[in-house]
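Peer 1: Note that the protein sequences, when read in sequence, are chains A and B.
Take the first sequence: its position 59, counted from the start at 1, is 59 in our numbering, and no numbers get skipped.
In short: position in the second sequence from 1, add 1000, done, that's our numbering.
Calculated directly from the structure, the hints in this document are not laboratory data.
Hints are supplied without guarantee of correctness; some may be wrong.
So the derived label-pair ranges between C-beta atoms look like this [what the hints assert, rightly or not]:
1) Pro1087/B / Leu44/A: 33 to 41 Å
2) Met1168/B / Thr38/A: 24 to 32 Å
3) Leu1127/B / Tyr35/A: 35 to 43 Å
4) Ile1247/B / Val58/A: 27 to 35 Å
5) Thr1080/B / Asp64/A: 53 to 61 Å
6) Ile12/A / Gly1126/B: 21 to 29 Å
7) Phe1030/B / Thr38/A: 49 to 57 Å
8) Leu36/A / Asn1090/B: 16 to 24 Å
9) Tyr59/A / Leu1153/B: 23 to 31 Å
10) Phe1154/B / Leu62/A: 27 to 35 Å
11) Val1159/B / Tyr35/A: 17 to 25 Å
12) Tyr59/A / Thr1270/B: 31 to 39 Å
13) Leu36/A / Glu1028/B: 24 to 32 Å
Covered stretches of chain A (in silico footprint by chain B; criterion: 3 or more residues with CB under 8 Å from a CB of chain B, positions within the stretch not fixed) [unchecked claim]:
14) 10 to 21
15) 24 to 32
Looking from chain A toward chain B, a few residues come up when the C-beta cut is under 8 Å (computed) [claimed, not checked]:
16) Leu49
17) Gly50
18) Gly53
19) Lys57
20) Tyr59
Beta carbons: idealized from backbone N, C-alpha and C, even for Gly.
Here is what each chain is made of, one letter per residue.
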Amino acid sequence: MSESKKPGLLLIGVGQILTSMIVSGFLLGYLLDLYLGTQPIFILIFGGLGFIGGFLKVYRLLTDPELQ
Amino acid sequence: MSQAAEGSSGASTVEYIQHHLQNLSVGEGFMTWNLDTIFISIALGTLMVVVGGRVARNATEGVPGGFQNFVESILEFVQTQVKDSFPGHNPLIAPLALTIFVWVWLMNFMDLIPVDLLPLIGTWIGLPYLKVVPTTDLSTPMAMALVVFGLTLFYNIKVKGLGGYLKMFLFHPFGKFAVPANIVMTTIEEIAKPLSLGLRLFGNMFAGELVFLLIALLGGAAALGAGLLIWFPLQVVLDLAWLLFHILVITLQAFIFMVLTIVYLGMAHTTEH
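Generate the whole structure from the sequences, applying the supplied hints.
Peer 2: Right under this line is the structure:
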């Protein structure tokens, strides 16, 4: 993103990035659980990863002006 | 207000709102076709194409007339956005951004038409349900977000190569020592993009429509007794205020959808992520 002149526009959706990363983590885990039949395992792992990843992503977006 | 008039309890209020949030649909389950959404979005798209084509055909050089001036200013606005936030060159992006902006704006604009007007006309010609705003139906924003997601995938693979794109999945957030977590994390991140794009538009428009419905219920309460007509001035004031504010909301949502499309596609075009 460093070549772009207006990376700040991504910041419009910072709030939704956090929530939608959590949601998509749970969604992915749910689908994988459904496929493998291991009910609560992957939804918890992927949900947790989505939670961590969402926070990490938002933290990076807000602190790094270059938005790597 | 006809729905609210039918009953005299709180249940009719719920019925009124549910009636307005029901799509005119055929089919069941996954193969449900929301006819009102499809019809209205295609009609608005056709309107956009026809009016745009007419303006283009009648375009004059020199000082443009009023409407042509307006269309040109929209064009210029979108073009500036694309130039500012899209690195590299791709002839597809500007038309795509313009289409998304104008089409989403037009579909959002259906929210500003009085909530009972078109459903009432619908009941005259025998339509039991009519949900006027296509973007308050989750299918429309998610379909558009999926198209953008598909384009992002296509250009990611085209620009970076399949290997380069998959490499991004391996090493992206945590470096090379946590490859399994990286794969899951990047997958989640990629899925989160279209999800947030679609849900943002849907959420904002759905909430706006709901507020309009609740304001309409204020005047609808007068059907229970003429004494409740006392709320009518309040309804007028609230409706006008929310209408004016909502003009901002629909424009902002169309703008955000367009800008994020450009940014996501721009990210797909940069080789260094």
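Peer 1: Now tell me, hint by hint, if it's right for this structure.
Peer 2: Checked hints:
Taken as a hint, the range 33 to 41 Å holds for the pair Pro1087/B and Leu44/A, whose Cβ atoms sit roughly 39 Å apart. A beta carbon spacing of about 28 Å between Met1168/B and Thr38/A agrees with the range 24 to 32 Å that was offered as a hint. Look at Leu1127/B against Tyr35/A: about 41 Å separates their beta carbons, and that is inside 35 to 43 Å. The hinted range of 27 to 35 Å is satisfied by Ile1247/B and Val58/A, whose Cβ atoms lie roughly 30 Å apart.
At roughly 25 Å, the beta carbons of Thr1080/B and Asp64/A sit outside the given window of 53 to 61 Å. At about 43 Å, the beta-carbon gap between Ile12/A and Gly1126/B misses the expected band of 21 to 29 Å. Judged by the Cβ atoms, the range 49 to 57 Å given for Phe1030/B and Thr38/A is violated: they are separated by roughly 25 Å. At about 40 Å, the beta-carbon gap between Leu36/A and Asn1090/B misses the expected band of 16 to 24 Å.
Take Tyr59/A and Leu1153/B: their Cβ atoms lie about 26 Å apart, and the range 23 to 31 Å holds. Between Phe1154/B and Leu62/A the beta carbons are some 30 Å apart, a value that agrees with the proposed interval 27 to 35 Å. Taking the beta carbon of each, Val1159/B and Tyr35/A are about 31 Å apart, not inside 17 to 25 Å as hinted. The beta-carbon spacing between Tyr59/A and Thr1270/B, approximately 21 Å, falls outside the hinted interval of 31 to 39 Å.
Checked against the hint of 24 to 32 Å, the C-beta distance between Leu36/A and Glu1028/B comes to roughly 29 Å, which is consistent with it. Interface restraint, the segment 10 to 21 of chain A with chain B: holds (8 residues with C-beta to C-beta distance below 8 Å; minimum three). Against chain B, the segment 24 to 32 of chain A contributes 4 residues with a C-beta closer than 8 Å to a partner C-beta. That satisfies the three-residue criterion, and the hint holds. Taking 8 Å as the C-beta contact cut-off toward chain B, the hint placing Leu49/A at the interface holds, the least distance being around 5 Å.
The beta carbon of Gly50/A is positioned within 8 Å of a beta carbon in chain B (closest approach about 5 Å), and the interface hint is therefore held. Hint status for Gly53/A: holds, given a least beta-carbon distance of 5 Å to chain B, under 8 Å. Hint status for Lys57/A: holds, given a least beta-carbon distance of 7 Å to chain B, under 8 Å. Interface restraint check: Tyr59/A against chain B, minimum CB-CB distance 11 Å, threshold 8 Å, status violated.
In summary, the numbered hints that this structure violates are 5, 6, 7, 8, 11, 12, 20.
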